[in-house]
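If you're matching positions, the sequence shown starts at 1 in UniProt numbering and goes up one per residue.
Hints in this document: simulated from the structure, not taken from any laboratory.
It is possible that some hints are incorrect.
As the list claims (entries may be wrong) - In silico BS3-like cross-links for lysine-lysine, where the CA-CA straight-line distance does not exceed 30 angstroms:
#1 Lys265 with Lys315
#2 Lys170 with Lys327
#3 Lys315 with Lys170
#4 Lys220 with Lys337
#5 Lys220 with Lys282
#6 Lys315 with Lys327
#7 Lys265 with Lys337
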Amino acid sequence: MGASFGVLPGHEAKVDGGGFSQMPAPPGESPPRAPAAGTIAGRTSPAEWQDSTESPEPSSSPASPASLLSIAVDLSIPAEEIQLGERIGIGSYGEVHRGLWRGTEVAVKRFLDQDLSQHLMREFETEVDLMRRLRHPNVILLMGAVTKTPNLSIVTEFLHRGSLYKLLHKPQPPQVTAALSEARRMRMALDVAKGMHYLHSCDPIIVHRDLKSPNLLVDKHWMVKVCDFGLSRMKTHTFLSSKSNFGTPEWMAPEVLRNEPSDEKSDIWSYGVIFWELLTLKEPWNGLNPMQVVGAVGFSGNSLAIPEDARPEAKSLCEDCFRGNAKDRPSFLDIQKRLRPMQAMIAKPGSGNGGAAAGGSPAQSSDSKPPASPSEPEPPPRAPPSKDEYPILP
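Model the full structure from these sequences, guided by the hints.
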């Protein structure tokens, strides 16, 4: 693949012929039990903006080794079973590598700081516990976790096309750009709505709280999967506190930007921004810095301008997602019901540019996996990684 591969800092590593370096087991410890077959769940990424109201300072004392044992044994992956390839993303809390685990290509998020405080260790455990519960085709799949320092990591499935943000807003080969027809983008919008409806249907409800296009991954069949559950919380009360939120203001609901209590309807606003991206192929609030976005959305009541030439049904859906009163926003079930007729309309001959993807690939139901075909370009060779290319677990 033309990429160079290194070894983990401070450790000798075995490198196989495929360019992957092996993660060593902690010295003096026997490897933990391998995960049971069929282990499933989600994934996570970096926070890019912190609310102006800081959360109370957590304990900085290191986590005791015993605290690692609360993660289910069947999720534990021995570090020596993971072979690391090139780095595909980096954030303030860690870096993501392409990797191999038992012959399967995976994404491996390894924490940069392995001396985690009790507070961060609890967050790690909570995230893994949340991810292991999630089973849906539009939610990223958790393979397991390396639970021993110095290789504390989360292991998920690897999706070859990277993030939706990258596909929409970064330079792409002509065949990839041409393949992003209106019909395909509506299928992507439906994929996101289905994944989020699943999260909101859990008991208790799972509120994502950092839903954005960099946190949506796309597989080789163009199916979109929700990831990044580092900020997610189970809703056990009427509202969630926003005091300790991190996130990216371009996608955040006004009540969250104002540090007000919020619920699952804040995810609907974020979805509206993603839907706007799929409609316009533009970056949200391009030209404004994060604090300007906070002022415009959180305190001046502004929302993204919807193009006048947008389909009326799409424009109406976007406007409803941007309702200032969170109670007036639709649910993800409502959104699915509104997207399906839109998708069928776009697929009709003569309905504009959405009837087929460039190259003649017909529009297909979002409920079935589109088969690979010669007109569907395979993912291009990977360029040097950037922080936008693949989300990072916080």
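What hint numbers does the structure not satisfy?
2
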